[in-house]
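Number of protein chains: 2
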Amino acid sequence: MKKTNVFGVILAGGIGSRMGNVEKPKQFMEIGKKPIIIHTIEKFVLNPQFERIIVLTPRQWVKHTQDMIRKFILQGDRIDVIQGGETRNETIMNSINHIENKYGLDDETIIVTHDSVRPFVTHRILEDNIRMAKKTGACDTVIPATDTIVESCDHKFITNIPDRSCMYQGQTPQSFKAKKLRDVYGALSEEEKAILTDACKIYVLKGEKVELVNGEVFNIKITYPNDLRVAESLLGGDASC
Amino acid sequence: MKKTNVFGVILAGGIGSRMGNVEKPKQFMEIGKKPIIIHTIEKFVLNPQFERIIVLTPRQWVKHTQDMIRKFILQGDRIDVIQGGETRNETIMNSINHIENKYGLDDETIIVTHDSVRPFVTHRILEDNIRMAKKTGACDTVIPATDTIVESCDHKFITNIPDRSCMYQGQTPQSFKAKKLRDVYGALSEEEKAILTDACKIYVLKGEKVELVNGEVFNIKITYPNDLRVAESLLGGDASC
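Listed in order, the protein sequences are those of chains P and A.
Here the first sequence stands for residues 1 to 241, numbered as in our numbering.
Here the second sequence stands for residues 242 to 482, numbered as in our numbering.
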C-alpha cells in the first residue's frame, strides 16, 4: 500500500438512531443502475493519491455498504466501511480516530471529507482539495451563488440582501489537516459543538484560514426526489462530469 | 377587460446593447417544443387576476416575441410586448410607465415581476404574491438555502459562514405596489441605482418591509446549458409542476 498520508472520508450518515423506519437512505438509491454512493466512491478509488478511503455509514447499513462495494467496485481493498457518529462532525472524528489507530496520524495527514450523495465530484476538484489542504491546512469547495441570497432571521420579512459578489454556495469536499481539525474541534464546548454543524465553520469562528476551491454547478447534492431525475440526466450527458 | 389593477411583468432582458452577436437569448430556447418564455407567459395568462401581462424584451426581439405569442398562445390579447430598459430596474420602470400611460396607475396597482426564464412558477406562488403585495406592499419569492452559504469578500478565503437557518435563495416573482416602487427607486442617486440591481434590495436598504413568499425548489432559473436538460426532465415529470 502506498503511504501518501491522504485519506478520502465519505460521509454517508451517522448512527441512524433518528431515521425511524425509513426504508433506504438516499445514498443507496440507484442512478445509472448503480447506488449513488458507489458512483461517489469510484471517484475516490480512481485517484491514486488516496492511501485509503474511509466510508462512514449508519450502524445498520455498514454491512449493506460493504456488500455493495464488493459487488460494484473492483479495487475495493482500499476501502474501509465503519460506523459514523451522532453528528456530522462526530462522524468526521470517527474517521480521524480510525486513521490514527490503523494507519498512523501526523501533523501532515490530510482528510478529504465528502458527501456520499455528491457523485459528480471531479478529479480536478479532488486534486485541488488535496493541494490546497496541504498548503493552507483547510479548504472548502464552493461555487459563486447563482441565486440572490436573502437573509431573514424572523422567517417572515427580509432582514438583509448581502452583496451577491461575496456569496458562495458550499459544496463538498471540505479538506483538512486531520490532527489540527481534531484539536480545534476538541477544544469546543458541548454547546459550541451542537451549533457548529459545519466543519469549516469551526475554523472560521476560531480565526483559522479556510481557502476556497472552485466547485462545479453540476456537483449537486442529491437531496430531493427530483434530484434523482436531474442526476440521471447528468449521467446521460456529455463529458462535463 | 376586467379592471383588477394587478399586472404581470415578465422580464426578458433590456435594450440588448451589450449582447453582441449572440444568436438567441435563452428565453427563446425550446423545452417541450415551446420557447421557455411561452411556458412562462402561459402561467400568467391562466390566472384571471392579471389585468394585463407586460413582457419586456431587448429592442431587437420585440417583434419575434410578439410572433411567438401569436403562434403559441390563444389568449394573446391580454399581453403587451414592449422594450426593456438599460438595467433590470430600468426595465421594471418601463413597465410601470407603460401601465400608467395605457391603463392608469394608483396607489394600489400591483406588479408581479418575474424572470422570463423561470417557467415552473406555480399558480400558488402567483396567488401568494398578489395577496402578499396587496397586504404588505412588497414581497419576494424565496426558498430556504439548500446549500451552506459561504461568504468570501476576497474570493480566496472564507470570511464568514452565516447561520443557515436565516438564509434563503431568492427566486422570482418579486411583487410590489408599483407607484411606491417607482417613488423609492426615483429617490435613489445614480450611484445607488448602479449598485442596487435587485428591486427588493432597494426596499430593504430604505427600511421598507418586504415579506417572504415560499417558492419551490423546482422554480429554477434556466441559466446554464445543463439547466435545459433539467427543465426537460421537470416538464416530463409528475404533477408537481
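None of these hints come from the bench; they were simulated from the model.
Just to be clear, a hint being listed does not mean it is correct.
[To be verified] Each computed DSS-like pair below joins lysine-lysine, with the alpha-carbon atoms no more than 30 Å apart: (1) P:156 - A:450; (2) P:221 - A:450; (3) P:156 - P:209; (4) A:462 - P:209; (5) A:397 - P:177; (6) P:24 - P:34; (7) A:462 - P:26; (8) P:180 - P:206; (9) A:343 - P:156; (10) P:71 - P:3.
Nothing here was measured: the structure is a model prediction, and the numbers come from that model.
Hints versus structure:
Restraint check: the Cα-Cα separation between residue 156 of chain P and residue 450 of chain A comes to about 10 Å, which is no more than 30 Å; the hinted pair holds. The straight-line distance between the Cα atoms of residue 221 of chain P and residue 450 of chain A is roughly 33 Å, outside the 30 Å bound, and the hint therefore fails. Straight-line distance between C-alpha atoms of residue 156 of chain P and residue 209 of chain P comes to about 34 Å, which puts the hinted pair past the 30 Å bound. Taking the CA atoms of residue 462 of chain A and residue 209 of chain P, the gap is near 33 Å; set against the 30 Å cutoff, the hint is violated.
Proximity of residue 397 of chain A to residue 177 of chain P is assessed by CA-CA distance (about 18 Å); at most 30 Å being required, the pair is judged to hold. Between residue 24 of chain P and residue 34 of chain P, the direct Cα distance comes to roughly 14 Å. Compliance with the 30 Å bound is thereby established for this hinted pair. Between residue 462 of chain A and residue 26 of chain P the CA atoms are separated by roughly 26 Å; this keeps the pair inside 30 Å, and the hint holds. For a cut-off of 30 Å, the pair hint linking residue 180 of chain P to residue 206 of chain P stands: about 12 Å separates their Cα positions.
With a CA separation close to 35 Å, the supplied pair residue 343 of chain A and residue 156 of chain P exceeds the 30 Å bound. The straight-line distance between the Cα atoms of residue 71 of chain P and residue 3 of chain P is roughly 26 Å, inside the 30 Å bound, and the hint therefore holds.
Violated hints for the displayed structure, listed by number in ascending order: 2, 3, 4, 9.
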